[in-house]
Amino acid sequence: MTASQIFFLLFASATLVAAYLVVTVRNLIHAALWLVASLLGIASIFVLLDASFMATVEIVLYIGAIAILIVFAVMLTRRVMEDVGPQRTNTWWFGAILAILFFASASTLIWLTQWPTLPEGDVGNTVLILGKSLVDPSKYVVPFEIASVLLIVALIGSIAVALPSKQSE
Amino acid sequence: MAHEWIFIGIILLFGTIFAAVPLVVNTIVAPKKPNVLKNETYECGMETVGDTWIQFKVQYYIFSLVFVIFDVEIVFLFPWAVAYKQLPFFAVVEGVIFIVILAGGLLYAWRKGALDWV
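For the protein sequence lines, the chains are L and A, in the order given. Under my numbering, the first residue of the first sequence is numbered 1, with each subsequent residue one higher. Under my numbering, the first residue of the second sequence is numbered 1001, with each subsequent residue one higher.
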């Protein structure tokens, strides 16, 4: 077993344990913090895959922005910090069947897909290649500009929904 | 596997040890004589009134929403900025268009008063 395999097992098990705790702990803030730990584990798996930029994106976006958004959303809600109700509903078997079906179909797809492998040797500065192809007219420039339009739509939409109206004050 | 991220791993490891050693040594060495006053959350300072788990204002949420949008913008602009010196003029202008479109969003948030702290 090589060193990177040991590290992979370490990070993957840490991710799974943290993900399990996200859905089982009763304090919502603690669940959000375990979510951060789980996302950190995924970031370290990206590091092992030599995808440094993806690891940085994982930390900057998922931990820096989305997890913080979740924490704020939890703090906005009232009186749900300590959930005291049972953690199982009467229809848990239906959810379990759906989860098993999803797991089966997803793993079958992963198993059947021919995944492209990275070319041997040094591929060069991946961030530089990504930056060049993002604004290359023959590659991804249209998705790049559409992404900014999508972001502005999300920004305006979220402000329009979340901003308290002037009349209510 | 010689890896540039090894250094971050080493810093993470030694940072944890550096923080943990004083705490562990304290727990082992320090005498324990707890009393009611010592066990207060703030031994000195203001005592909190009521429950500390309060409902936050929606204002915080709007700020973090705006922050998320510009965080995503950074992710898109970072590779563009890395390749900046090797790009033709046209490609640089495309990046500027990207920024200008999102600046419109910032203008909207500003004019709408979403950035006013109330």
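No wet-lab data here; the hints were simulated from the structure. Keep in mind that a hint or two might mislead.
In silico BS3-like cross-links for lysine-lysine, where the CA-CA straight-line distance does not exceed 27 Å [said to hold, decoys possible]:
(1) A/Lys1085 - A/Lys1038
(2) L/Lys132 - A/Lys1057
(3) L/Lys139 - A/Lys1057
Using C-beta positions, here's what the derived DEER-type ranges look like [what the hints assert, rightly or not]:
(4) A/Leu1013 - L/Ala51: 18 to 26 Å
(5) A/Ala1030 - L/Ile129: 48 to 56 Å
(6) L/Ala106 - A/Ile1099: 32 to 40 Å
(7) A/Val1049 - L/Tyr140: 54 to 62 Å
(8) L/Ser13 - A/Glu1004: 22 to 30 Å
(9) A/Thr1016 - L/Ala51: 20 to 28 Å
(10) L/Leu128 - A/Val1093: 18 to 26 Å
From the three backbone atoms N, C-alpha and C, an ideal C-beta is built for every residue, glycine too.
Here's how the hints hold up against the structure:
1. A/Lys1085 - A/Lys1038: 60 Å, violated
2. L/Lys132 - A/Lys1057: 42 Å, violated
3. L/Lys139 - A/Lys1057: 44 Å, violated
4. A/Leu1013 - L/Ala51: 18 to 26 Å: 22 Å, holds
5. A/Ala1030 - L/Ile129: 48 to 56 Å: At roughly 55 Å between Cβ atoms, L/Ile129 and A/Ala1030 fall inside 48 to 56 Å, so the hint holds.
6. L/Ala106 - A/Ile1099: 32 to 40 Å: The hint (32 to 40 Å, Cβ to Cβ) holds, given that L/Ala106 and A/Ile1099 are roughly 38 Å apart.
7. A/Val1049 - L/Tyr140: 54 to 62 Å: Given range 54 to 62 Å: holds, Cβ gap about 55 Å.
8. L/Ser13 - A/Glu1004: 22 to 30 Å: About 24 Å separates the Cβ atoms of L/Ser13 and A/Glu1004, which means 22 to 30 Å holds.
9. A/Thr1016 - L/Ala51: 20 to 28 Å: Between A/Thr1016 and L/Ala51, where Cβ atoms are some 24 Å apart, the hint holds.
10. L/Leu128 - A/Val1093: 18 to 26 Å: 19 Å, holds
Comparing the model with each numbered hint stated earlier shows that hints 1, 2, 3 do not hold.
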